[in-house]
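S.K.: Chain by chain, the residues:
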Amino acid sequence: MTCHDAREQFSALIDDALDAPERAELDAHLAACADCRRELQRFRDTVALVRAAAPVRAPAGFVDCVLEAARPVPWPQRLLRGLFVPWPVKLPMEAAAVVLVAVGVALVYRGSPELQQPARPEPAAPVVTQAPSVAPPEAPAPARENDAPRILYGARGDEKAREQDPPREAEKAKAAPRAQERVEGFAKTPEPGALADKKRAEAPVVGKLEAPASRAERQRAAKDDVRPGTTQQTELRADSLKAQRPASAPPSATSAFAPPDVSGQLAVSDRELALRSLAELVARLGAAQTRRFDTSDGPIIEIAVPRQVYAELNRGLAQLGRWQPSKEPSSLPATIRVVVRITS
Amino acid sequence: MEGRTGDDASLVDRLRRGDPRAFEDLVIAYQHRVFGVALRMLGNRAEAEELAQEVFLRVHRAIGEFRGEAKLSTWLYAIASRLCLNRLASGERRVARHGDEALTRLASREVSPAEEAERSELETALHRAIAELGEERRIVVVLRDLEGLSYEEIAEALELELGTVRSRLHRARMDLREKLERFLP
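Residue numbers (the working numbering), protein chains in the order written: chain A, -1 to 342; chain B, 9 to 193.
None of these hints come from the bench; they were simulated from the model.
For each residue, glycine too, the CB sits at the ideal point set by N, CA and C.
One should not assume that every hint holds.
Cβ pair distances, simulated, as ranges [unchecked claim]:
#1 21/A to 33/B: 40 to 50 Å
#2 21/A to 190/B: 23 to 33 Å
#3 190/B to 67/A: 36 to 46 Å
#4 189/B to 0/A: 18 to 28 Å
#5 73/B to 43/A: 37 to 47 Å
#6 99/A to 72/B: 42 to 52 Å
Rough simulated footprint, nothing fancy, chain A against chain B, three-plus residues with beta-carbon under 8 Å [what the hints assert, rightly or not]:
#7 54 to 62
#8 134 to 142
Given the sequences, and given the hints that come with them, work out the whole structure.
M.R.: Have a look at this one:
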């Protein structure tokens, strides 16, 4: 046995892993070789050094970490989750979200005249035979056009407000019935877009003053509006307008309609009494009732009130019943047009 | 190895029966050894902790597959070794393999400051020397000299021939002898 062969056996010798013949041969070599004995000792010392290494301890809390990692998701639950979570939870949620978005889009579209205006055909004069039941304001207010959609008066206002002021969505959701009325209210309420549409449709019979203004209004709307619309819905709305329009309503001979500055609902117990009280209030304040529009749900009164007595009008309305005005625009004109819908 | 065979058999039975305390007992019993292997092999405490946790989670999931032909400890070491070697080979390491400061912070006995300094130096050199071994040699020396497995157990855990274990262990010790020369008496 050479020294190299002997030293190759050192590890097994230390671990007592040599068989008897190997061990005897190695012992014989070591007995005769001082260098190998010395080398064996250093080898033993090395192994002893390694074995004396400080023990390693797992960090504090390791057991809890492992138990925590193992406990919450036992394999059956993991299996079930892996198999079924996408079906009962994810897919229905996604489907519900899609449906919700679709319904929302449909409602907004249905209630948004400006969405449909680009596709609107030029209204045929013979189609409309009756004049609008409410008189348009003294003059359109182009400068207030941007404010108009903010006025909570119709679906158009709703839609714009939804875009510009998302937190109001929740508030509107609470007032779902009213919102629905507004959506349908192209026939019931003098919604700005609807009235503008109506004016366009009726231009030939309303009078010569309306035609230019109506065209200007339409041009403004077309300029502002980049979304497509449908003709069918517009015609349906026009039909609805006609159906609900009182036959006795006088034709309007004023200029093109501009949206009111403030609108709201006045819930009263006695409509007639409220109408009389409102007339007295209007007279007392020096304001003027500019239009009246009777619907099956109650009359709608438009009042032109000087800005100085607007607050007093609000207080007076609040005394007549439950007055819920819309959010006011940031700046009020000298003469504020307030539309009051009286309901019971 | 400690004489845990009887305890292990009981532990395995309880694990198979779904005794909720059995897994906790298993982790308590083997946490330091599994973590030790992981730390010696990976050289980083956070990574070692993560890997040791993975070892126990695998045991938790696969206890039904443990046939009991090997010792429970050997099975655990086999899983830990395989995970360590796989990770070292995969290149998914977040840290360098050598020279981690954690190796200098291994638990130490209560000793005098001088002894501690000397011990710290020795420990640092020792663990650095181990860390610098090739992975195949390192796992063998860790299992044999630090964890106390027999050649047979190492061969079983690493699925190696006995002669391969013996050869690798010898090479590893020879490397260490050279690296630790100055600390030898």
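S.K.: Do three or more residues of the segment 134 to 142 of chain B come closer than 8 Å to chain A, measuring C-beta to C-beta?
M.R.: holds (count 3)
S.K.: Taking 8 Å as the C-beta cutoff, is the stated coverage of the segment 54 to 62 of chain B by chain A satisfied by three or more residues?
M.R.: That given contact holds, which follows from 3 residues of the segment 54 to 62 of chain B lying within Cβ reach (below 8 Å) of chain A.
S.K.: Does the Cβ-Cβ separation between residue 21/A and residue 33/B fall within 40 to 50 Å?
M.R.: holds (41 Å)
S.K.: Against the range 37 to 47 Å, how does the distance between the Cβ atoms of residue 73/B and residue 43/A compare: consistent or not?
M.R.: holds (43 Å)
S.K.: Would you say the C-beta atoms of residue 99/A and residue 72/B sit inside 42 to 52 Å of each other?
M.R.: Given a distance of about 47 Å, which is inside 42 to 52 Å, the answer is holds.
S.K.: Between residue 190/B and residue 67/A, does the beta-carbon spacing fit 36 to 46 Å?
M.R.: Cβ of residue 190/B to Cβ of residue 67/A: about 43 Å, so the range 36 to 46 Å holds.
S.K.: Return holds or violated for the Cβ distance of residue 21/A and residue 190/B against the range 23 to 33 Å.
M.R.: holds (31 Å)
S.K.: Given a hinted range of 18 to 28 Å, is it respected by the beta-carbon distance of residue 189/B and residue 0/A?
M.R.: holds (23 Å)
The structure agrees with every numbered hint stated previously.
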